[in-house]
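Student: In case you want the letters, here they are:
Protein chains: 2
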Amino acid sequence: MADYQVPLKDMNFLLFDVFKAEALWENLPQLAEHVDRETTEAILQECAKIAEQQVAPLSREGDEVGVSFNDGKVTTAPGFKEAFQTYAAGGWTSLGGDVNYGGMGMPKMVTALHEEMLCSGDISFSLYPGLTAGAGLSLAKHGSEELKERYLTRMYAGDWTASMCLTESHAGTDLGMIRTKAIPQEDGTYRVTGNKIFITAGEHDLTENIVHLVLAKLPDAPAGPKGISLFLVPKYKVNDDESLGEFNNVSCGSIEHKMGIHASATCVMNFDDSEGYLIGDLNKGLNCMFTMMNFERIGVGIQGIGAAVRSYQNALEYAKDRLQGRSLSGAKSPEKPADSIMVHGDVRRMLLNMKALTEGSRALSTYISMQLDMATYGEGETKAQGEALSALMTPLAKAFFTDMGFDSTVAGQQVFGGHGFIREWGQEQLVRDTRIAQIYEGTNGVQAMDLLARKVAGSKGEMMNVFINEVRTYIDATSSSEMNEFIAPLTEAINDLDSLTKDLLVAAQDNVEELGTSANDYLHVFGYTAMAFIWAKMAEVALEKQASGDSFYDSKIKTARYYFAKLLPRKASLIAAIQAGSNTLFEIEDELF
Amino acid sequence: MADYQVPLKDMNFLLFDVFKAEALWENLPQLAEHVDRETTEAILQECAKIAEQQVAPLSREGDEVGVSFNDGKVTTAPGFKEAFQTYAAGGWTSLGGDVNYGGMGMPKMVTALHEEMLCSGDISFSLYPGLTAGAGLSLAKHGSEELKERYLTRMYAGDWTASMCLTESHAGTDLGMIRTKAIPQEDGTYRVTGNKIFITAGEHDLTENIVHLVLAKLPDAPAGPKGISLFLVPKYKVNDDESLGEFNNVSCGSIEHKMGIHASATCVMNFDDSEGYLIGDLNKGLNCMFTMMNFERIGVGIQGIGAAVRSYQNALEYAKDRLQGRSLSGAKSPEKPADSIMVHGDVRRMLLNMKALTEGSRALSTYISMQLDMATYGEGETKAQGEALSALMTPLAKAFFTDMGFDSTVAGQQVFGGHGFIREWGQEQLVRDTRIAQIYEGTNGVQAMDLLARKVAGSKGEMMNVFINEVRTYIDATSSSEMNEFIAPLTEAINDLDSLTKDLLVAAQDNVEELGTSANDYLHVFGYTAMAFIWAKMAEVALEKQASGDSFYDSKIKTARYYFAKLLPRKASLIAAIQAGSNTLFEIEDELF
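Chains as they are written, first to last, in our numbering: chain A, 27 to 619; chain B, 27 to 619.
Please keep in mind that the hints were generated in silico from the structure rather than gathered at the bench. Being a predicted model, the structure only gives us computed values, none of them experimental. Some hints could be false.
A pair counts as met if it fits within one copy or between any two copies, since identical chains are not told apart.
To be verified - The calculated DSS-like cross-link candidates involving lysine-lysine, where the alpha carbons are at most 30 Å apart (straight line), are:
#1 K362 <-> K252
#2 K358 <-> K207
#3 K346 <-> K362
#4 K346 <-> K207
#5 K528 <-> K358
#6 K346 <-> K409
#7 K346 <-> K174
#8 K346 <-> K107
#9 K362 <-> K310
#10 K46 <-> K358
#11 K263 <-> K252
#12 K35 <-> K252
Same shape as in the complex, but just chain A:
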């Protein structure tokens, strides 16, 4: 397996050349004070060292040994505790945190890149700080002052981690059916009782306390999702002097044996009359949780990118080294017993698919993160656009980046041939570790429905129009003749997306099932189109800088050409399938399956 190398140059290119982060930050008062280019570059560089030197080396043994469960105790894989302590000691657990409680307050554009590095290093490892950061967002936004002082500060400090406890065995996507109960007490606390499954980092030995955010219902709560509340339930209660108090009856019943992410503890968690504290308003728990879930969903999307980067780096190294066969157009290395497999068109196809989709995903992820920052720190129109685009594109990030990421891990494995199937090379682990990202935090099918039914149809197309107008504004402003090879197909793509959206909304008025049957394909049409937009933007900057002679820009331009020639055409089949309508899916009765 190749040594992981963080693509720092590409990250800086995106932040400062493509998306002009400096100018953005200067205009956002809450960021202007403490975020600048120099700090950011230093942060990314230091974080790269952690990911390359501390996290990546854990991954193979983490997979082989995994977490173990013994009599209620969960022991993490070798080296995880030390690495987490190093990570926390470096202050990385506070990177995106609220500055009022000890956080560093870095924008999402930066923390997202930091997440990618961790995921490239090891997805399992990334989940422990990742969930803590997500829970921190929810707590920072909805928690009381007291809860924030007592818990958030310790989470930022890396003293404690957090989990999110949503799923029960009969209630996954459909959280309205949860049965975990919270009984109000006279002192304002609640007694929480119930069983949760699939709880990532629910129990482990990295920190001495764990902060659980738990969805539960009061006995008299309304039925369904409108009766769900969110509670903070610590593993150990915390005394007034901030020392750890008594055990809070939060126990781990077992851990799951899974296809991948073996070093991530996936726990059955039992709450038995455990003391809990309300976060936000009663019966508004889903709202509070969604603050976290949207963050996590982008984070899960980034897992796909992180794994794809690793897969690409490994496959490229292997392809350059492996000698096998001769080029179709005559031997390229006649002095060697065979050419490297880089000469084969099909190998180049796989590598370029990975390269174009991975760099495209990173760029699109940075763009979506920028919208989140505009929504969080901006005002007026800036804020409104940021809110619309980040809401629209969160499900896209989660589903599209993980679908593309999974494909890239499978493609990387294919480049390795038989060696890709053997554990010692590490390539098959990437496939297994990444597969979950298409499933958890809402399956990609659920994301697609969130996009098409809730966001697009729910706004009568208005949210998608914000994106379409953004792209058309860009097209109108881009007139150089050398950009025409990108602008012409981008124009066609955005027109196709516009027509498709309008047609679908009309069709759904007659038959709402059109939304469900088309959602997945629609999400992918949106993804390929949004990625075309972002590749055009990257190509534009690279063309401007090409004269510098740095081959980085040459590579960008040629990869953009590949994307437009070979990958953007994928939308044609997706559109044709959507246009074929929903009838064939519902005219076949369940018994005929």
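Since the structure of chain A is provided, determine the placement of chain B on it from the hints.
Tutor: This is chain B only, laid out in the frame that chain A set:
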């Protein structure tokens, strides 16, 4: 996990209604004597019992325990030895074998369906008899009388299994580089010395002897693939009285730890001055091996089908049971806490993709097997067509069925949501077990080049014309108005394939790299088009029989409609990508990757 149920009705429908096997067999003298409908139905029924009751139950433990290696000895997973003995005692190891040496001489149309059942039961198990049957074909065709009497009879009897020893660590696809040496001896035998890797069933405890077919080179052999010869090298020599003789210095150095098929022994095999016997002519080893490899390649394709069947059955059962959310068009089971997830368009999409691709693959596999039977047992034009179509479609079977099969295992896992990632459900095992089928026996990229460069371009398009003419003849003969919904898009598809092929051959004259960069997409265009042909044939028969009131036919017709509406359109993007040419893959220098 659902109990596996062999789709016997569909198998009989294909053999006797769609492909009129009875009439075919009556016209093939070598088959007419011993193959008829009654025998075949009985065989499939008995084989189904073995697959359902003996093989399928081994699969989970086979995955968890796997094969073990200890001091050169390989121990198979629990129950494998007993199941293999039951399988052999039933005569199944001789099913497709030459009748002159104790084989049952059943046609490929029948043995292919038998293979599918075994693979649905457990791919690892299927490999032990599968490789033996493949090696048997090569030996039957190219071996001397003496070798056949001594070894083939025992392989058919299930006394011994066989392996194929091709790959060396530096020579996979590029077999011309192998280093294993064979030194001729005065008694006509050879001394074989070398190391082979990735040898499936190279060593195990199922049988007392193992027959290795080994590629090696004589010291003075021509360089490259034209200097390769094929040798039979037994683990134990065989005495003249047919008893086992002395150990032949064939040893297993280690076994691989793999992503999946844990119960299949993947061995490093060391030959050390081992006695070997030439099969076929000197330096014609690749020809002899290809008899086996073509058989194995279709067999590997069928692994994809087998796994997809299992995935579909599991996912369907889960989808019907799992209650989660409500239908977009209003609750369908208001008396229950939620609707079954069968109401969701995206779940139906995944299930119908699996159903349409799996039934389509089985039908296409049966069609290709029929061509093989025509090539093997036919004469004149029948034989010529069978040879052309089976040669053309062997790489298609291997790559397309495994690509579709892998997608179906991933889709089935997705239907399960989080439970699909947990080992105990068995669904994730299908993904891991199937993944190798896209890699071994020549990666799918190699298959695509075999199809496009060797078969299509190599025959200047003539081999593809045989297929195109077959479809056009069918189209011309099909005039009923109710078939028009299938015939119209099939006509378009075959015209597209025809134009695409011609354009590609012209483009390749200018730039041969067009073949390498387009091969994978071209194979898929061919696959979707061939599957459309086969779905039209199935729909035609189902329409004729629909009046019987059997819902089986209704299901076929509706699934055909789904295929044409939703899956055939996939060819559009593939064609567009091919038309974009090879420039973007080669204008980017290796250093810019």
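Student: Now tell me if each hint is right for this structure.
Tutor: Hint-by-hint comparison with the structure:
{"no.": "1", "hint": "K362 <-> K252", "in the structure": "between (69 Å within a copy, 19 Å between copies)"}
{"no.": "2", "hint": "K358 <-> K207", "in the structure": "between (69 Å within a copy, 28 Å between copies)"}
{"no.": "3", "hint": "K346 <-> K362", "in the structure": "within (13 Å within a copy, 58 Å between copies)"}
{"no.": "4", "hint": "K346 <-> K207", "in the structure": "between (58 Å within a copy, 29 Å between copies)"}
{"no.": "5", "hint": "K528 <-> K358", "in the structure": "between (51 Å within a copy, 28 Å between copies)"}
{"no.": "6", "hint": "K346 <-> K409", "in the structure": "neither (47 Å within a copy, 44 Å between copies)"}
{"no.": "7", "hint": "K346 <-> K174", "in the structure": "neither (52 Å within a copy, 44 Å between copies)"}
{"no.": "8", "hint": "K346 <-> K107", "in the structure": "neither (36 Å within a copy, 43 Å between copies)"}
{"no.": "9", "hint": "K362 <-> K310", "in the structure": "between (68 Å within a copy, 25 Å between copies)"}
{"no.": "10", "hint": "K46 <-> K358", "in the structure": "neither (42 Å within a copy, 51 Å between copies)"}
{"no.": "11", "hint": "K263 <-> K252", "in the structure": "within (29 Å within a copy, 76 Å between copies)"}
{"no.": "12", "hint": "K35 <-> K252", "in the structure": "neither (47 Å within a copy, 48 Å between copies)"}
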